[in-house]
Amino acid sequence: MKWLIRGGRVIDPQNQVDDLMDIYIHQGKILDLQPVPPKRNATTFSDFRVIPAEGLVITPGLIDMHTHLREPGYEYKETILTGTQAAVAGGFTAVACMANTLPVNDTQAVTEYILHKAREARLARVFPIGAISPGLKGEALAEYGELKNAGVVALSDDGHPVMNSQLMRRAMEYARAFELPIISHCEDLFLSRPGVMHEGPTSTWLGLHGIPSAAEETMVYRDIQICQMTQNPLHIAHVSTAASVQLVRDAKKKGLPVSAETAPHYFSLTEEAVIGFDTQAKMNPPLRTKEDLWAVQKGLKDGTIDVIASDHAPHSPLEKEVEFDLAAMGIVGLETTLPLTLNLMHLGILTFPQAIAKLTQGPARILKLNGFGGLQRSGPAHLTIIDPELEFQVDIHSFRSKSKNSPFHGWKLKGQAVLTMVEGRIVYNQMAPTSDL
Amino acid sequence: MKFNRHHLLGIKGLTREEIETILTTAESLKEISFRDIKKVPTLRGKTVVNFFHEPSTRTRTSFEIAAKRLSADTVGLSSSTSSLVKGETLTDTARNLEAMNPDVIVIRHSMAGAPHLLSRMIKPSIINAGDGMHEHPTQALLDLMTIREKKGRIEGQQIAIIGDIAHSRVARSNIIGLKTMGAQVMVAGPPTMIPPFIDSMGVGVTYRIEEAVAWADVIMMLRVQLERQKQMLFPSLREYSRFFGLNPEAMKKAKRDVIIMHPGPINRGVELHPELADGPYSVILDQVTNGVAIRMALLYLLLGGKKSEMAD
Ligand SMILES: [Zn+2]
Chain L
58 MKWLIRGGRV
68 IDPQNQVDDL
78 MDIYIHQGKI
88 LDLQPVPPKR
98 NATTFSDFRV
108 IPAEGLVITP
118 GLIDMHTHLR
128 EPGYEYKETI
138 LTGTQAAVAG
148 GFTAVACMAN
158 TLPVNDTQAV
168 TEYILHKARE
178 ARLARVFPIG
188 AISPGLKGEA
198 LAEYGELKNA
208 GVVALSDDGH
218 PVMNSQLMRR
228 AMEYARAFEL
238 PIISHCEDLF
248 LSRPGVMHEG
258 PTSTWLGLHG
268 IPSAAEETMV
278 YRDIQICQMT
288 QNPLHIAHVS
298 TAASVQLVRD
308 AKKKGLPVSA
318 ETAPHYFSLT
328 EEAVIGFDTQ
338 AKMNPPLRTK
348 EDLWAVQKGL
358 KDGTIDVIAS
368 DHAPHSPLEK
378 EVEFDLAAMG
388 IVGLETTLPL
398 TLNLMHLGIL
408 TFPQAIAKLT
418 QGPARILKLN
428 GFGGLQRSGP
438 AHLTIIDPEL
448 EFQVDIHSFR
458 SKSKNSPFHG
468 WKLKGQAVLT
478 MVEGRIVYNQ
488 MAPTSDL
Chain F
53 MKFNRHHLLG
63 IKGLTREEIE
73 TILTTAESLK
83 EISFRDIKKV
93 PTLRGKTVVN
103 FFHEPSTRTR
113 TSFEIAAKRL
123 SADTVGLSSS
133 TSSLVKGETL
143 TDTARNLEAM
153 NPDVIVIRHS
163 MAGAPHLLSR
173 MIKPSIINAG
183 DGMHEHPTQA
193 LLDLMTIREK
203 KGRIEGQQIA
213 IIGDIAHSRV
223 ARSNIIGLKT
233 MGAQVMVAGP
243 PTMIPPFIDS
253 MGVGVTYRIE
263 EAVAWADVIM
273 MLRVQLERQK
283 QMLFPSLREY
293 SRFFGLNPEA
303 MKKAKRDVII
313 MHPGPINRGV
323 ELHPELADGP
333 YSVILDQVTN
343 GVAIRMALLY
353 LLLGGKKSEM
363 AD
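Top line first, the protein sequences correspond to chains L and F.
Okay, so the first sequence: first residue is 58 according to the working numbering, each after it adds one.
Okay, so the second sequence: first residue is 53 according to the working numbering, each after it adds one.
Take these hints with a grain of salt, some might be off.
Stated by the list, open to error - Under the rule of at most 20 Å between Cα atoms (straight-line distance), these lysine to aspartate or glutamate pairs were calculated in the EDC-like manner:
1) L:K347 <-> F:E140
2) L:K377 <-> F:E140
3) L:K471 <-> L:D444
To be verified - Computed beta-carbon distance windows for the label pairs:
4) L:Q223 <-> F:E207: 55 to 61 Å
5) L:K469 <-> F:D251: 54 to 60 Å
6) F:K231 <-> L:R250: 28 to 34 Å
7) L:F247 <-> F:R290: 47 to 53 Å
8) F:R290 <-> L:R250: 24 to 30 Å
9) L:Q487 <-> F:G65: 38 to 44 Å
10) F:M173 <-> L:Q487: 49 to 55 Å
11) F:S288 <-> L:Q223: 30 to 36 Å
12) F:P248 <-> L:E236: 52 to 58 Å
13) F:G97 <-> L:P160: 55 to 61 Å
14) L:K471 <-> F:S130: 49 to 55 Å
15) L:F247 <-> F:E291: 50 to 56 Å
Calculated from the structure, these hints are not laboratory results.
Here the structure is a predicted model, which means the values were calculated and not measured.
We put the CB at the ideal spot given by N, CA and C, even for glycine.
Sequences are here, hints too, so could you generate the full structure?
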């Protein structure tokens, strides 16, 4: 199929483009990008089907570098099919999925299974993340060479911190041979257990065990020090506290290969969302204070935080409609991440290109995803069309994700993906029917 | 007198007027317990389920006696007899309970927020008889009643709460109730048992119990859970009793008309010296008596009084 995406505002931070352009697509590739001509020659590309994009924004396909797809093992929460359906509906053309499945993605076979299922789904591209340690047990090194050959793009025990500092050192040293970044879930379990929410005034009132900010920050500091020793790229997952942001900022100033991500909930909500024992607001790391929220926003603005990731963590009602102490941690995020990110633009915190960079250029660079993160001639046509003016109310019942656990139900937001294209193929389309696609 | 609530989930959110209504009602019902025939027909035909997911003979008995004095039928369901131990969820238990059409469910649960979860799922009135470290509203109300009875008023009184504040629902409910009623509160105990951010609740903090004792009109001792030692919260019982327990030595600086309270059961010789538990300052047994009156008042107000709205 040949497509002409006509007259949209192309925002491509990787190539420093922010212009009205026509994009020509042929055989899954971008044939050409041209500034919108004053007068079109209708005959030149008459065999291209037109997607009128006037008033819309075209970006490189969004990438979510922190997703839990739950398959294999927890298919009642999500499958690779439903997860990638949610991904494309949220504007994502690629997701990197964490290794905490059952079995854990600590072997070639599991990686291959995930990739096979993803190919079957034919929606968003899936990039598996391998485990740092077999079974996420934090006791030994997984086979990084085998995992890399099978297709993993990074290593992480996400969901579980690597408590053993010596193992973390060895992991970062050994990963250098295979050029795999280490993604660290920073949490000192001795400090965080048995906490279920942020330790602060609200946990004190509610009588819930708190997780102090230091549980995250001490591990961020440790991992940065190990990164300095080993010089392997280190990516800090889901940064939630002001001091963590500052530690990353300092590490970057020193020139260390450190990057960081946060998730929309950490710049949109505070610990007060837990009041009333709302398990939809239970996550790990927990929602923090206003000061932390502001620091995360500032970290995004000044570039300390490179990436906004969904930390999409689907859970069934069985695991959420229970006592707060027992409830599972995490929220679904693939379908709310883009609009919540655009909300930072509406609030004047990020420019449009900055917001888009956190969802495209940032993750593509950190995970070294070829063909993703930018739009260029003869590159693959992975792109997202966003209607920046589209106002809507978040409704969990409309989610493609198999799970509906979200604290954002009922929120009014502005700006959402209306068309998602992977390798020139439309995998999601909510554009007005008049566009005759 | 106005009391339009359907549930009693906590002290938080109750107005001063509502608390006063409960206390005044309890004072008027207290007399029933001293009659020859300790029973009135007020709640005849009503059913009260005591659902205790965590053992507590005292609170449970108190609720049971309260219900019976008002002629309500009571049914007990404890964690050992309930199917919770067989893996049934709270939701399942709740739906089963509701299917039996009780009027009130009194719930004691080891997890904070369990009564709130229950109240969102089912229709009967819920009384929180203690949820995790969160709240224990009926204990706080009986404490308020006892202070008012012994001191004449609550406003302006200086209350020292001493012991494991961090893990105590009694402390939380009392702080909220006492502040609502205009009292001043100071908490004391080892720093490991004083939660960070407790000052956000508007209380003073000291780690020196003598300071709290000298300041107080009312001393409220808390029970120390012996297993906290394993959680590295204090080094030994011996050291705890010596530095954070209330003993005659520490009492030397106390005001002459001070009263000593304790929610029970007491670890004699640990947080409270036996001589003081049974001594002239102690109002511990009055608390137990008032506990029945408070619970009668709540059952009466939730069931007997006209409900103009079902909102919590
Ligand atoms: Zn994590």
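K471 (chain L) versus S130 (chain F) beta-carbon gap, inside 49 to 55 Å or not: Given a distance of about 53 Å, which is inside 49 to 55 Å, the answer is holds.
Verdict for P248 (chain F), E236 (chain L) (Cβ pair) under range 52 to 58 Å: Given about 43 Å between the Cβ atoms, the range is violated.
Satisfaction of the hinted span 55 to 61 Å by the C-beta atoms belonging to Q223 (chain L) and E207 (chain F): holds (60 Å)
Range hint 24 to 30 Å (beta carbons of R290 (chain F) and R250 (chain L)) holds or violated: holds (28 Å)
Status of the given 28 to 34 Å range, CB of R250 (chain L) versus CB of K231 (chain F): holds (31 Å)
Status of the given 54 to 60 Å range, CB of D251 (chain F) versus CB of K469 (chain L): Given range 54 to 60 Å: violated, Cβ gap about 36 Å.
R290 (chain F) and F247 (chain L) - C-beta distance against the hinted 47 to 53 Å: violated (26 Å)
Proposed proximity, E140 (chain F) with K347 (chain L) (alpha carbon, max 20 Å): Measuring from Cα to Cα gives roughly 38 Å; hence the hint is violated.
Range hint compliance [Cβ, F247 (chain L) to E291 (chain F), 50 to 56 Å]: violated (23 Å)
Beta-carbon spacing of M173 (chain F) to Q487 (chain L) - inside the hinted bounds 49 to 55 Å or not: violated (36 Å)
Distance restraint hint 30 to 36 Å, applied to the beta-carbon atoms of S288 (chain F) and Q223 (chain L): holds (34 Å)
Satisfaction of hint between D444 (chain L) and K471 (chain L), Cα-Cα up to 20 Å: Holds, at roughly 9 Å.
Checked against the numbered hints above, the structure breaks hints 1, 5, 7, 10, 12, 15 and satisfies the rest.
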